[in-house]
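**Q** Now for the letters of each chain:
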Amino acid sequence: MSEPPWGPVHRDIVDLLADHPADVPAVVDHLTKLQDMLVRLPPLLDSCPLADFNKLYLVITSTVLDGLYADRFVDPVFLSRLDVEFAARYFDALRLWSDQSPSTPKAWACLFERMRGPDARPLPSAAAGVNAHINFDLPFALVTTFDHLESEPVDGSDQHRDYLEINKIFAEKIPSLRRGYLERWQLLIDMLNGDIDDWYQGELIGYTRDVAWRNAQRIWRCRHDPHRHERERRRLDETSAALGRLLLSPLGAFLQ
Amino acid sequence: MASDVDRTPLVGRADLVATMRAALFDSVAPGNTAAVFLTGESGVGKTRLLREVGEQLGDRGALVLTGSCLDIGDASPLHPLRQALRRLDADLAPAAAASIRSLLAVFAEDPTGPDGAGALLERVSRGLSVIAGGRPVVLVLDDLQWVDRTTRQLLLYLLAGLGDLQLSVLAAVRSESLQGAHPLRRVLTELRRLRSVRVLDLAPLDRADAERLAAAVVGRPLDAEAAERLWQRSGGNPFVVEELSRDLRDGRYGLSDTLREVFLARVDALPRAAHRVVHAVAAGVEPVEHWLLARVVELPEQDLLDAVRAAVAHRLLAGSHDGYRLRHRLVAEVLEDELLPAERAVLHRRYAEALTSAPGELHQARLAHHWRLAGEPQRALPAAVAAAEEAERLYGYAEAHRHWSVAVELAEGLPGTDRAALLGHAAEAAHHCGEYARALTLLEELADTGQPVCELYIRRARYLAAAGRSALAEAEYQRALDAADCTPGQRATAAARLAELLLHLGRYADAGRRAREALALAEQVEGATTEVVLASAALGFSEAFLEDPDAGLAVLRRALETAERAGRPEDVALAYLHLAELLTGPLNILEEGVVVARRGAERVAELGLGRSYATRLLAIATNGLFRVGQWAEAEKVVAAALRHRPSGTDAVELLLARCRLSVGYGDIEAADRDLDAVATMLAGGGARHVIPLLTLRAGLAMWQGRHDVARHAVQRGLTETRSDDLVILAVLVWHGLRAEAEAKASRSVAVDDNAVRRLREITERVAGRSERAARPVRDVVDGYLALCAAEVSRLDGADPELWARAAAEWDHRNHPYPAAYSRLRQAEALLAGRRRTATAGKLLRQAYQMTQALGAVPLTDEIRTLAGRARVTLEDRSPAATPAVEGGEELAALTAREREVLAAVAEGLTNREIGQRLFISERTIGVHVSHIFDKLQVRTRVQASAIFLRSRG
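One line per chain: the protein sequences are A and B, in this order.
Using the numbering used here, the letters of the first sequence map in sequence onto residues 1 to 256.
Using the numbering used here, the letters of the second sequence map in sequence onto residues 1 to 953.
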């Protein structure tokens with residue numbers, strides 16, 4: 001028998017993932033428990049590349065939760081549903097990976113694969129997680145949330161304002177990602193050809209989150225067409241995976 | 001047509017089948033509903049399991065209805081249900097089939113009344129109940145990822161128990177689809193929390209099972225090398241295992257490594273006629289009926305049968321009694337590259353011609369699809385229009401929108417079509433299915449066709465308001481009012497709608513001004529009663545919020561008179577509704593509000609609007625009666641309202657009202673059932689009702705001593721509430737603080753200091769905002785803030801004064817339930833301070849009388865417990881039967897008080913804690929304890945406790 005994907009904490013993680021958190025406090029609770037498990041993964045304590053992302057995500061989600069309690073957002077119903085749906089996709093990816101399912105999103109698989117591999121540096125690992133979560137998961141989470149609330153992704157709406165408020169949280173919490181990192185990231189993207197270039201369509205982006213919002217609007221328009229929707233999903237998965245692999249490659253060290 | 005797929009044994013799923021059978025049938029109590037959602041990747045065997053479990057349940061006497069959802073965008077609403085009924089129809093004797101025909105006829109009828117969507121759900125569930133004839137119904141739905149909205153609503157309605165049908169739903173969802181932005185994701189997240197719902201993930205087979213399946217197909221065990229290759233290639237996916245094993249058995253193994261290659265090889269090996277057959281099926285809408293296939297391929301009968309048989313034998317085609325479908329999506333992909341566009345167009349034309357010559361029920365969508373792909377827009381257009389109208393009849397606005405949009409496209413360049421009318425329909429359907437941006441775009445196109453501008457402004461404003469874009473909507477209404485080509489009637493409409501919008505935005509002065517303007521405009525127009533009612537409501541509420549309740553009330557009373565004189569039922573209903581809401585809401589004139597609501601409900605039922613408006617009015621009456629403390633009456637009203645079989649929001653409000661009563665009564669089972677029903681309905685959307693649901697869940701959890709569950713419900717509510725919903729926030733915060741205080745008192749759950757800190761912060765914020773709010777809002781919020789302050793005092797030293805204030809607040813508002821609760825706590829605080837025990841006794845007796853009158857069992861119990869501990873007599877006469885002395889011989893020597901102390905000792909409490917509980921000093925407890933030791937002849941608390949516990953057996 002080969003070793004299960006989560007090694008000695010496999011059972012714990014599978015049990016945790018059997019539960020599906022349905023509100024933001026529960027999501028924070030879930031991420032906290034997950035963090036405790038991930039840092040116990042071999043070879044060394046605190047050496048898991050995924051833990052670097054999970055920790056960052058936990059900090060951001062906790063800040064979002066504080067913001068919800070502190071009346072920071074205009075439309076908390078939207079924001080909390082989005083937060084839960086967003087997190088659910090991360091947990092789904094982890095669950096698929098636990099089952100060693102071939103349908104684990106490629107965007108995530110490239111980071112998960114590194115858990116056994118050569119030591120990845122913390123910043124690129126966290127960045128690869130952020131990449132998968134924002135470039136791949138976020139647009140779909142947005143569409144599901146809008147659909148459920150019978151609303152739409154419209155620029156300048158209350159929801160859009162709240163969404164942009166999260167950018168501030170990212171900016172507060174990831175000072176190292178904020179400037180130097182993203183500029184260099186942009187530089188990397190510029191060095192590439194083909195798909196990724198098309199994907200960004202020459203837009204000047206401050207944050208990939210804006211791309212996610214645009215992609216959500218794009219998916220929104222084809223959400224009733226299963227075939228086009230599936231094509232869109234694959235496209236985003238491939239592109240995010242390409243970026244993720246890049247971030248985790250030796251080139252990623254350049255970002256550190 | 002039998003295909004040999006049926007002969008392959010079901011491997012490795014025995015436990016799962018048993019689990020599903022139990023969840024759906026064996027352990028479902030009569031009258032209850034249940035659901036199992038099976039998720040898994042394609043080929044993992046979902047359909048097979050559905051059939052297996054469906055057959056087993058059929059054998060056990062259930063009525064099993066089987067349908068699948070379609071993946072073409074042109075599917076019509078309720079397709080899976082209609083398909084299931086037709087299949088059943090084909091299986092049954094003509095006599096039994098009559099009830100099915102009559103239900104199928106419902107789908108072809110025109111809707112009646114304003115509550116058409118709800119009426120449709122009700123008629124469908126009643127029809128199903130007739131067909132079932134007392135048997136449990138099992139609805140088996142495959143490919144649920146393609147389900148239409150109407151079917152989705154029907155499922156939730158039935159699962160919530162609103163259809164009065166013992167129903168189990170077994171549905172399969174392709175997990176790949178859930179990875180995208182599928183609406184079912186949210187539905188499943190919400191549903192999986194319910195006790196009656198299971199979401200099961202179907203994993204691929206493990207290696208041993210994969211080999212067993214392969215051995216069963218091949219007819220002998222595989223050698224090690226073949227087994228290894230099979231495992232590598234299939235990953236345990238049963239469909240792939242089966243297909244690869246079949247090639248292995250037939251000696252084709254090794255030629256094709258992937259499933260795609262397997263199918264390619266088989267297509268290549270097909271005879272010519274069979275080739276034609278699979279291409280025809282690929283171009284059709286599955287399942288393709290035999291007669292239709294015959295018309296399309298134009299083969300002599302025997303040749304056709306041979307061709308079909310060959311395609312089935314090569315496992316490219318699957319046949320069942322309702323038609324043919326391709327075995328796998330990959331088959332379609334393989335075939336796709338083989339046909340020239342012209343050849344494909346010919347196939348579509350043949351389909352369209354065949355369908356035209358044999359009109360069937362709801363064929364229009366299919367017809368439009370084929371004509372369009374045949375390249376014949378002038379023939380596709382009327383079919384698309386008919387399909388759109390059909391979809392609208394079944395409230396499938398998403399489908400209708402799609403058909404209208406296709407129609408608009410088709411009309412492009414066709415002479416003699418009314419493009420403006422098509423655009424208008426498309427925009428309205430888009431608006432109804434929540435495609436607001438699209439609706440606005442379509443209106444822009446409509447504007448370009450030279451429509452009168454006034455109507456367009458009003459429509460645009462309406463769409464914008466529905467999309468929550470209030471500022472833009474306001475500007476648009478203003479444009480309508482300013483436009484030169486507006487009629488006085490249109491102006492009155494615009495002003496009345498604008499007033500309503502401003503009221504919702506809380507801009508009462510502006511709303512009042514616009515409402516007056518609207519009333520003045522409406523007076524000049526014959527028959528503008530709707531506008532009068534709308535504007536009066538806006539004016540009435542704005543006056544009430546601006547502290548002139550009498551003026552507001554007078555306006556709405558006049559509006560009701562006007563509506564009655566004009567006689568349009570909807571106007572009368574709305575007038576009653578607004579009047580009752582005003583009285584029971586901001587004005588807090590509850591008794592009168594209840595009378596208006598009940599009289600209105602009767603009147604409205606006479607006018608034929610029982611299901612919709614009467615239930616809404618009765619919900620208002622129920623909540624009013626609950627608050628004034630007439631619970632028994634409230635119970636009757638809510639039961640009467642539910643007999644109207646409401647659906648959607650109306651049903652949710654009534655269930656919440658009934659649940660509120662059950663929580664007050666302490667009927668945990670009934671409350672749980674209603675909460676689950678509401679949660680089921682809300683899984684389809686409806687954020688507005690989530691907070692009341694959570695509040696009730698918290699209240700119920702506290703009666704059960706599950707204070708952590710209560711805390712969690714409150715926390716979820718707090719993170720999903722807008723800060724301007726002051727009343728809702730105040731109620732939640734009170735529940736949160738109460739949960740912490742109860743946790744502290746019961747010592748069963750640790751107090752969460754972090755939560756307390758947050759709750760106190762939010763209390764302060766609510767208090768600050770409340771000062772600036774309108775008076776009616778402030779009044780209610782103050783009542784809850786008084787409760788909050790008093791609960792906080794329970795956490796750090798009881799203050800009877802704060803509870804006295806809370807009691808006074810609620811007495812003043814005439815709500816006995818919270819008033820009785822406050823008295824109980826006031827008495828408790830007084831007793832804890834060992835002060836004024838006489839006052840405490842009086843308060844407890846008052847509270848006891850109040851809760852007895854309400855029937856509030858758990859609260860009465862708490863009062864009794866406290867009174868017992870404090871030795872307060874609640875009733876003048878002692879109860880008829882004297883309670884037997886608890887405990888056996890060994891405790892006989894102890895006094896009643898000593899026995900109480902001993903019970904507390906046995907719980908592990910310290911003398912100090914026992915003193916707090918029994919309201920006597922720590923020293924006195926010490927004396928009691930030493931007496932107990934003497935009498936029992938023991939020296940330690942442990943020994944004393946042991947005797948106590950033994951004596952209780």
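These are calculated hints, taken from the structure and not from any lab test.
These figures come from a predicted structure and were not determined experimentally.
One or more of the hints may lead you astray.
Just a few of them, taken from the derived set where beta-carbon distance is under 7 Å, the chain B residues facing chain A [unchecked claim]:
no., residue
1, 183
2, 436
3, 687
Just so you know, even glycine gets a beta-carbon here, dropped at the ideal spot from N, CA and C.
**Q** A separate judgement is required for each hint: does it hold in the structure or not?
**A** Against the structure, the hints come out as follows:
{"no.": "1", "hint": "183", "result": "holds (5 Å)"}
{"no.": "2", "hint": "436", "result": "holds (5 Å)"}
{"no.": "3", "hint": "687", "result": "holds (5 Å)"}
In this structure, every one of the numbered hints holds.
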